[in-house]
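There are 2 protein chains.
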Amino acid sequence: MKTAILTIGDELLYGQTIDTNSAFLARGLISIGYEPAYKETVGDVIEAVEESIIKLCHRAKLVIATGGLGPTHDDITKKAICRAFKRNLVLYDDILKFIGERYARQKREMPAAAQSQALLPQGCRPLQNNWGTAPGIVIEERGVMFVALPGVPFEMENLFNHQLKPLLPPAPGGKVITFKQLRTSGIVESVIYEKVREFLGPKEPVKVAFLPGYSGVDLRLTVKDTPRSEAEKQIREFEAKIRGQIEKYIYAEGEATLSEAVGNLLREKKVKLATAESCTGGLLSKILTDIPGSSDYYLGGVVSYSNESKIELLNVPAELIEKFGAVSSEVAEAMALGTRKITHADFALSITGIAGPTGGSEGKPVGTTWIGMATDDGVSSKQHIFGADREVNRMRAAVGALNMLRMKLIADEAL
Amino acid sequence: MKTAILTIGDELLYGQTIDTNSAFLARGLISIGYEPAYKETVGDVIEAVEESIIKLCHRAKLVIATGGLGPTHDDITKKAICRAFKRNLVLYDDILKFIGERYARQKREMPAAAQSQALLPQGCRPLQNNWGTAPGIVIEERGVMFVALPGVPFEMENLFNHQLKPLLPPAPGGKVITFKQLRTSGIVESVIYEKVREFLGPKEPVKVAFLPGYSGVDLRLTVKDTPRSEAEKQIREFEAKIRGQIEKYIYAEGEATLSEAVGNLLREKKVKLATAESCTGGLLSKILTDIPGSSDYYLGGVVSYSNESKIELLNVPAELIEKFGAVSSEVAEAMALGTRKITHADFALSITGIAGPTGGSEGKPVGTTWIGMATDDGVSSKQHIFGADREVNRMRAAVGALNMLRMKLIADEAL
Chain A
0 MKTAILTIGD ELLYGQTIDT NSAFLARGLI SIGYEPAYKE TVGDVIEAVE
50 ESIIKLCHRA KLVIATGGLG PTHDDITKKA ICRAFKRNLV LYDDILKFIG
100 ERYARQKREM PAAAQSQALL PQGCRPLQNN WGTAPGIVIE ERGVMFVALP
150 GVPFEMENLF NHQLKPLLPP APGGKVITFK QLRTSGIVES VIYEKVREFL
200 GPKEPVKVAF LPGYSGVDLR LTVKDTPRSE AEKQIREFEA KIRGQIEKYI
250 YAEGEATLSE AVGNLLREKK VKLATAESCT GGLLSKILTD IPGSSDYYLG
300 GVVSYSNESK IELLNVPAEL IEKFGAVSSE VAEAMALGTR KITHADFALS
350 ITGIAGPTGG SEGKPVGTTW IGMATDDGVS SKQHIFGADR EVNRMRAAVG
400 ALNMLRMKLI ADEAL
Chain B
0 MKTAILTIGD ELLYGQTIDT NSAFLARGLI SIGYEPAYKE TVGDVIEAVE
50 ESIIKLCHRA KLVIATGGLG PTHDDITKKA ICRAFKRNLV LYDDILKFIG
100 ERYARQKREM PAAAQSQALL PQGCRPLQNN WGTAPGIVIE ERGVMFVALP
150 GVPFEMENLF NHQLKPLLPP APGGKVITFK QLRTSGIVES VIYEKVREFL
200 GPKEPVKVAF LPGYSGVDLR LTVKDTPRSE AEKQIREFEA KIRGQIEKYI
250 YAEGEATLSE AVGNLLREKK VKLATAESCT GGLLSKILTD IPGSSDYYLG
300 GVVSYSNESK IELLNVPAEL IEKFGAVSSE VAEAMALGTR KITHADFALS
350 ITGIAGPTGG SEGKPVGTTW IGMATDDGVS SKQHIFGADR EVNRMRAAVG
400 ALNMLRMKLI ADEAL
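Going line by line, the protein sequences match chains A and B.
By numbering that gives the first Met the number 0, the letter at position 171 of the first sequence is numbered 170, and the numbering carries on one by one without gaps.
By numbering that gives the first Met the number 0, the letter at position 217 of the second sequence is numbered 216, and the numbering carries on one by one without gaps.
Keep in mind the hints are simulated off the structure, nothing from the lab.
A portion of the hints provided could be inaccurate.
Treat identical chains as interchangeable: a pair holds within one or across any two.
Stated by the list, open to error - With a cut-off of at most 20 angstroms between alpha-carbon atoms, the simulated EDC-like pairs for lysine to aspartate or glutamate come out as follows:
no.	residue 1	residue 2
1	Lys60	Glu39
2	Lys179	Asp217
3	Lys340	Glu307
4	Lys271	Glu311
5	Lys202	Asp74
6	Lys202	Glu236
7	Lys269	Glu307
8	Lys232	Asp376
9	Lys340	Glu311
10	Lys1	Glu39
11	Lys106	Glu361
12	Lys54	Glu39
13	Lys1	Glu50
14	Lys106	Glu193
15	Lys206	Asp295
16	Lys223	Asp74
17	Lys223	Glu46
Quick caveat: nothing in here was measured; it's all calculated off a predicted structure.
Let the sequences and hints guide you as you build the complete structure.
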């Protein structure tokens with residue numbers, strides 16, 4: 000079923016805020032068989048919002064708008080909805096009561112502005128917002144369902160998942176978009192391409208997109224306009240062929256992260272991990288602890304951003320830093336060994352590098368990074384030369400460390 | 000001048016890639032006096048791209064499209080342009096030569112697919128791409144300028160800044176959008192609103208938007224349709240009134256981050272900082288070291304994710320953890336004191352909390368967080384009760400720590 004997404008707000012139109020809501024909605028809609036066909040952004044101008052609502056309701060059967068539902072003067076979505084559907088705002092007592100109870104529970108006084116949240120277009124179906132104060136709005140008219148959700152991502156996501164989804168009619172017919180994502184790390188796009196090229200004929204119903212990112216290259220397998228069960232079978236068969244070529248680089252399917260995949264391996268193998276970070280300054284441990292339950296396998300570590308902290312916290316010999324420099328195989332390995340010792344971890348990872356923009360030299364340009372790993376089997380290290388961008392270098396270093404760990408954990412498996 | 004932005008690609012429409020290009024273009028256009036008025040996304044379907052190009056060229060004087068210019072089968076933008084403007088693709092010898100030279104310099108053989116990059120709509124003005132292989136395309140027809148740029152952000156940004164901008168006619172007249180952002184932390188939206196409400200009359204030419212985010216609330220001051228110098232004067236006067244009410248909460252103007260603002264204060268006051276993190280797992284140190292040059296003031300720290308690491312690395316007495324729990328004022332303060340001692344930092348920040356989703360109890364629900372700070376003046380700690388979302392709780396805890404440090408640094412200033 001054709002669906003349109005409308006995001007509302009000057010901050011989106013003017014590029015002050017990156018729109019992540021429409022991507023969330025698109026993925027959510029696809030997962031239940033709806034097809035996002037149009038996406039538009041308009042500013043905080045009543046006439047423009049009204050025009051877009053009317054136009055999109057002509058082009059799609061389901062229109063979801065986000066943004067502009069708050070209580071302040073620049074929140075004009077409700078007014079635009081009233082104009083587009085020729086309705087008045089009326090007070091919804093249930094919603095007013097619900098909002099009042101929310102404030103009472105938090106022991107806060109309800110401000111006058113919050114009461115206006117209970118004013119909604121006549122005849123609409125409100126979606127109760129348990130995560131904020133602005134309710135969602137559903138209007139059904141002439142075979143089209145129009146929905147407005149607040150723009151705060153956390154509220155919008157919960158309203159979509161918990162309040163709107165149960166109301167949506169089942170997607171009609173079987174001709175839908177079916178896709179599956181395979182995530183790889185430790186292999187570059189052109190090498191993957193060479194390895195799988197033979198399967199990419201024009202008659203192959205499964206289309207492959209290569210999506211390179213910081214964590215590696217994602218492969219998106221897509222089948223369009225085919226009944227779901229048939230498409231899933233085509234994807235399964237195609238996936239088997241691809242896996243035959245690049246199995247060990249595929250760390251996850253779907254949206255699972257490298258950190259999650261590594262975490263699952265650590266948990267499974269009962270390996271406790273610690274980290275020592277210089278240039279990444281905590282990014283690696285942040286990524287590891289993004290995952291709920293990471294305390295099962297991650298002990299913690301040291302951010303040894305200065306030379307002194309490498310020496311004092313990790314017992315890296317000062318002579319090593321003097322002789323080889325802080326960015327060297329020797330210091331990376333000493334950091335990993337020191338970390339393993341002080342934390343009693345099974346495995347320790349270390350990162351030391353020149354993230355930039357300054358600090359590079361002829362022999363060690365910006366981007367030069369050493370990753371160390373200490374295990375029962377001893378210590379090793381690997382050099383990477385990344386690029387000129389600080390943020391990218393830091394991400395790649397953290398991912399490089401996770402990937403080194405993953406390769407060790409799956410190599411152990413093979414024994 | 001009214002401008003439209005068209006982003007092209009299934010990955011954008013389906014939410015697999017977050018669109019950052021349109022935000023970059025919008026900000027770039029505003030900075031030179033153009034007004035982004037429409038923004039649309041379409042998938043990789045020739046007819047849909049053609050329809051959007053035609054429609055947007057009727058509504059705007061400048062239309063910039065990005066994406067779909069690559070050499071692979073799903074890159075259909077050039078074909079859609081040819082249909083929309085009724086032109087053929089012809090070979091541009093200069094561009095072919097330029098692409099060939101690029102490959103030669105990199106000592107790589109030019110693949111056949113790359114040659115197709117020199118096929119461009121007849122009569123267009125190509126924009127030489129020094130950062131990739133797909134040239135940009137400019138077509139001027141009936142008073143409208145249509146531009147197509149590649150979708151790879153790095154290439155698109157360089158083409159926009161270095162090749163397209165010099166070609167754009169000066170924005171006519173002085174009626175432009177002028178805005179300024181003030182960033183606050185440590186004060187909630189409704190309290191700001193109460194404090195500045197008296198200045199928000201309908202006749203006030205400066206409009207204020209409140210944009211709450213993890214770091215605090217940003218205030219966007221906007222003046223539309225007024226010559227730039229007059230608008231800037233209005234904003235300056237308005238800003239002075241606002242600052243009179245909430246000065247100490249404003250940590251930056253424009254896009255500068257809280258971490259940057261705190262870093263500048265630390266550098267200025269020659270204060271060396273260290274950190275100890277439990278639930279944030281390195282996020283605070285990651286944010287601190289996002290800033291180039293942060294080694295001037297940030298020494299590093301410890302991610303004490305387990306109780307053992309709090310005891311062994313930070314010398315937190317085991318009895319404290321036993322008696323008060325790891326998430327307590329006592330442990331937060333012991334972490335800060337321990338960190339200050341082992342790192343010899345001037346100031347140490349500590350964070351211990353229950354990020355969730357599990358680990359909460361009746362007395363200490365998910366979101367309960369203690370932030371500690373140790374300085375020359377002794378040690379203190381502050382409790383926060385955030386919400387149910389792990390990612391949000393971690394962000395708020397890191398921001399809370401930065402804000403506590405900032406308030407200390409500016410309070411010292413006042414002495």
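Against the structure, the hints:
1. Lys60 / Glu39: both (16 angstroms within a copy, 18 angstroms between copies)
2. Lys179 / Asp217: Only inside one copy: Lys179 and Asp217 sit 10 angstroms apart there, 38 angstroms across copies, limit 20 angstroms.
3. Lys340 / Glu307: For Lys340 and Glu307, both the intra-copy (18 angstroms) and inter-copy (13 angstroms) Cα distances are at most 20 angstroms.
4. Lys271 / Glu311: Close across copies (16 angstroms), not inside one copy (23 angstroms); limit 20 angstroms.
5. Lys202 / Asp74: between (49 angstroms within a copy, 18 angstroms between copies)
6. Lys202 / Glu236: Intra 15 angstroms, inter 65 angstroms, cutoff 20 angstroms: intra-copy only.
7. Lys269 / Glu307: Classified as between; 17 angstroms across copies, 33 angstroms inside a copy.
8. Lys232 / Asp376: Result: close neither inside a copy nor across copies, 43 angstroms intra and 67 angstroms inter.
9. Lys340 / Glu311: both (14 angstroms within a copy, 11 angstroms between copies)
10. Lys1 / Glu39: Both. Shortest intra-copy (14 angstroms) and inter-copy (16 angstroms) distances satisfy the 20 angstroms Cα cut-off.
11. Lys106 / Glu361: between (62 angstroms within a copy, 18 angstroms between copies)
12. Lys54 / Glu39: both (11 angstroms within a copy, 13 angstroms between copies)
13. Lys1 / Glu50: Both. Shortest intra-copy (19 angstroms) and inter-copy (17 angstroms) distances satisfy the 20 angstroms Cα cut-off.
14. Lys106 / Glu193: between (62 angstroms within a copy, 19 angstroms between copies)
15. Lys206 / Asp295: neither (39 angstroms within a copy, 50 angstroms between copies)
16. Lys223 / Asp74: For Lys223 and Asp74, only the inter-copy Cα distance (17 angstroms) is at most 20 angstroms; the intra-copy one is 38 angstroms.
17. Lys223 / Glu46: between (36 angstroms within a copy, 16 angstroms between copies)
Comparing the model with each numbered hint stated earlier shows that hints 8 and 15 do not hold.
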